[in-house]
Amino acid sequence: MLDLSLLIIKYMPMMQKYSAAALLRHGLNRHTTWPRAWRCPPLKDAYDVIIIGAGGHGLATAYHLAKDHGITNVAVLERGWLGGGNIARNTVTIRSNYMRDASIPFYVKSVALYEELTKALNFNMMHSKRTMVDVVQTYPKMRELRRRQLTMDIYGSTYEQITVDALRRRIPALTGGGPDARLPIIGGMVHTDAGVNRHDAVAWGYARAIDAMGVEIHQQTAVESLVRGADGRIEGVQTNRGLVRAPKVAVAVSGHTTTLTETAGLKLPLRTMNLTAFVSEPVKPLVDVIVNCPDAGFYFSQSDKGEMVIGGAPDMGQSFRRDIKQHVFEDTVTAMLSLFPSFKKLKLLRQWGGHLDIAHDASPIMDQTDVPGLFITAGWWGGYKAIPAGGLTLAHLVATGRPHDLMSKFTLKRFRHLDYVMESGTTTAR
Amino acid sequence: MMNIPCPFCGSRNEAEFAFGGPVKPDRSDPNTVSEEEWVAYLTQVPNPLGPVQERWWHVKGCGMWLTIWRDTRTHDIVEGPADAE
Numbered sequence: 010m011l012d013l014s015l016l017i018i019k020y021m022p023m024m025q026k027y028s029a030a031a032l033l034r035h036g037l038n039r040h041t042t043w044p045r046a047w048r049c050p051p052l053k054d055a056y057d058v059i060i061i062g063a064g065g066h067g068l069a070t071a072y073h074l075a076k077d078h079g080i081t082n083v084a085v086l087e088r089g090w091l092g093g094g095n096i097a098r099n100t101v102t103i104r105s106n107y108m109r110d111a112s113i114p115f116y117v118k119s120v121a122l123y124e125e126l127t128k129a130l131n132f133n134m135m136h137s138k139r140t141m142v143d144v145v146q147t148y149p150k151m152r153e154l155r156r157r158q159l160t161m162d163i164y165g166s167t168y169e170q171i172t173v174d175a176l177r178r179r180i181p182a183l184t185g186g187g188p189d190a191r192l193p194i195i196g197g198m199v200h201t202d203a204g205v206n207r208h209d210a211v212a213w214g215y216a217r218a219i220d221a222m223g224v225e226i227h228q229q230t231a232v233e234s235l236v237r238g239a240d241g242r243i244e245g246v247q248t249n250r251g252l253v254r255a256p257k258v259a260v261a262v263s264g265h266t267t268t269l270t271e272t273a274g275l276k277l278p279l280r281t282m283n284l285t286a287f288v289s290e291p292v293k294p295l296v297d298v299i300v301n302c303p304d305a306g307f308y309f310s311q312s313d314k315g316e317m318v319i320g321g322a323p324d325m326g327q328s329f330r331r332d333i334k335q336h337v338f339e340d341t342v343t344a345m346l347s348l349f350p351s352f353k354k355l356k357l358l359r360q361w362g363g364h365l366d367i368a369h370d371a372s373p374i375m376d377q378t379d380v381p382g383l384f385i386t387a388g389w390w391g392g393y394k395a396i397p398a399g400g401l402t403l404a405h406l407v408a409t410g411r412p413h414d415l416m417s418k419f420t421l422k423r424f425r426h427l428d429y430v431m432e433s434g435t436t437t438a439r
Numbered sequence: 136m137m138n139i140p141c142p143f144c145g146s147r148n149e150a151e152f153a154f155g156g157p158v159k160p161d162r163s164d165p166n167t168v169s170e171e172e173w174v175a176y177l178t179q180v181p182n183p184l185g186p187v188q189e190r191w192w193h194v195k196g197c198g199m200w201l202t203i204w205r206d207t208r209t210h211d212i213v214e215g216p217a218d219a220e
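First to last, the sequence lines map onto chains B and P.
Basically my numbering = 1-based index in the first sequence + 9.
Basically my numbering = 1-based index in the second sequence + 135.
Careful: at least some of the hints might be erroneous.
A partial selection of chain P residues facing chain B, derived with a Cβ cut-off under 10 Å [said to hold, decoys possible]: (1) Cys144; (2) Asn148; (3) Phe152; (4) Asp161; (5) Arg162; (6) Ser163; (7) Asn166; (8) Val168; (9) Pro183; (10) Gly185; (11) His193; (12) Gly198; (13) Met199; (14) Val213; (15) Glu214.
Honestly, the hints are just simulated from the structure, not real lab data.
Given the structure is predicted, the values throughout are model-derived calculations rather than measurements.
Even for Gly, the Cβ is constructed at its ideal location relative to N, Cα and C.
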């Protein structure tokens with residue numbers, strides 16, 4: 010055991026390894042001796058790389074910059090607090106059932122990285138690979154999903170059609186959508202790669218790992234504008250704590266991407282939307298898969314605590330709100346009760362919204378912009394599932410200047426050539 | 136909840152309306168504008184942290200199309216259709 014901890018010490022010099030032995034040791038000291046999981050170092054004047062946004066993508070990018078490319082003089086700047094942005098404002102759904110040849114391999118990789126993340130970060134992600142089941146109520150949707158299945162087969166993702174009977178056996182609570190319903194259920198699709206995990210663990214696990222490798226996380230450090238040099242290159246960022254310089258700046262701020270890039274005179278094909286979710290009181294285990302009902306317009310899964318985590322459609326129009334609007338909420342509940350009438354008895358506990366940006370073709374954008382040294386990762390509609398591979402690929406781009414193979418189609422240039430990667434309809438973006 | 140002032144029906148719940156998208160400039164002739172301007176016209180919309188001008192259709196009411204300025208942070212309607220026209 011001593012040898013093992015020596016190895017860990019060599020690999021991650023400042024990090025306390027979490028293990029049963031450590032739990033016992035610190036338990037004997039009444040848990041008063043646990044070290045802090047990450048530091049709060051003073052903000053320096055300059056770094057090699059600044060990452061704006063300590064959300065999932067920002068933290069994962071810092072992790073891969075340090076681990077894969079040895080770049081550790083990095084600051085991750087966060088306006089709010091760690092784990093308080095969109096990484097806490099989603100429904101933790103991890104899946105790879107996308108439509109386009111360019112998209113599927115990326116998400117397959119991301120799902121695979123997520124499944125190894127507990128080990129890689131020595132932090133329990135509580136990953137639960139529990140399968141997603143689509144409840145299909147219209148033939149156009151069924152045709153679209155079967156088309157996706159054919160493409161997914163090529164790239165090693167999983168999709169399989171099941172009958173209505175099999176669907177109802179799989180989800181006993183699904184009692185609506187019978188033959189007399191307005192939209193009777195006609196079948197289902199099963200995506201066995203899908204799962205859920207714990208969002209806080211993702212933020213904290215990455216934060217602890219990058220801190221141990223020397224990366225600095227600065228919370229309550231709001232970037233107010235991007236600063237360009239006389240030659241047009243990015244020079245740094247103006248924050249509420251002063252000017253911080255770096256030759257490379259990566260913007261990973263989701264809904265506020267355009268707000269920031271416009272300070273450097275950049276216009277991007279992105280608009281910001283508010284996607285919301287709400288949670289019921291905890292009940293006994295009832296549904297053991299992620300249920301997605303694209304025709305009715307809602308999806309949910311049951312958390313380990315027993316709460317139903319329910320999501321629906323975004324607000325109409327652009328929105329920087331972070332709460333649910335009454336009629337969006339009512340529409341989602343009405344849709345849910347049409348298929349799960351017994352949920353009428355559930356009491357609802359809380360709601361939230363996250364503002365995220367969507368690109369013109371509903372696919373992400375990861376590229377160096379026209380401002381040399383300024384990188385963006387944006388357009389992540391449902392970016393939670395993309396965090397590990399998003400970090401892997403952006404770190405590659407920032408470190409080498411070339412796009413990673415998995416993201417080579419998702420450049421800004423694709424709009425210049427009108428060479429869209431249309432993914433409308435494969436997320437809740439309808 | 137947002138109430139949209141319809142010039143014909145008065146203040147009505149947004150659930151009665153369909154969203155028509157942000158107001159875009161007139162379509163220019165792709166043969167005369169520069170490539171950059173053409174791509175911008177096709178792919179970019181204003182995305183302000185504040186008032187945005189947009190079209191709404193009172194589809195479950197009188198059927199009228201109208202234009203409002205709505206604040207994207209609060210969803211307050213800062214300028215109704217009567218002021219705009």
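Each hint, compared with the structure:
The interface hint given for Cys144 of chain P is broken, as the beta carbon of that residue sits about 17 Å from the closest beta carbon of chain B, more than 10 Å. Because the smallest distance between the Cβ of Asn148 of chain P and any Cβ of chain B comes to about 7 Å, under 10 Å, the interface hint for this residue holds. The interface hint given for Phe152 of chain P holds, since its Cβ lies 8 Å from the closest Cβ of chain B, which is under the 10 Å cut-off. About 18 Å separates the beta-carbon of Asp161 of chain P from the nearest beta-carbon of chain B, more than 10 Å, and the hint is not met.
Checking Arg162 of chain P against chain B: minimum C-beta separation of about 15 Å lies over 10 Å; hint violated. Proximity of Ser163 of chain P to chain B is violated relative to the hint, the smallest CB-CB distance being about 15 Å (cut-off 10 Å). Interface restraint check: Asn166 of chain P against chain B, minimum CB-CB distance 15 Å, threshold 10 Å, status violated. At its closest, the beta carbon of Val168 of chain P sits 14 Å from a beta carbon of chain B; the interface hint therefore is violated under the 10 Å criterion.
Here the hint on Pro183 of chain P is kept, as its CB sits about 8 Å from the closest CB of chain B, short of 10 Å. This hint holds: Gly185 of chain P has a C-beta 9 Å from the nearest C-beta of chain B, less than the 10 Å allowed. For His193 of chain P, the interface hint is violated, since its Cβ never comes within 10 Å of a Cβ in chain B; the closest pair sits about 13 Å apart. The closest approach between the C-beta of Gly198 of chain P and any C-beta of chain B is roughly 18 Å, which is over the 10 Å cut-off, so the hint fails.
Proximity of Met199 of chain P to chain B is violated relative to the hint, the smallest CB-CB distance being about 17 Å (cut-off 10 Å). The beta carbon of Val213 of chain P comes no nearer than 14 Å to any beta carbon in chain B, farther than 10 Å, and the hint placing it at the interface is violated. Taking 10 Å as the C-beta contact cut-off toward chain B, the hint placing Glu214 of chain P at the interface is violated, the least distance being around 15 Å.
The structure shown violates the earlier hints numbered 1, 4, 5, 6, 7, 8, 11, 12, 13, 14, 15.
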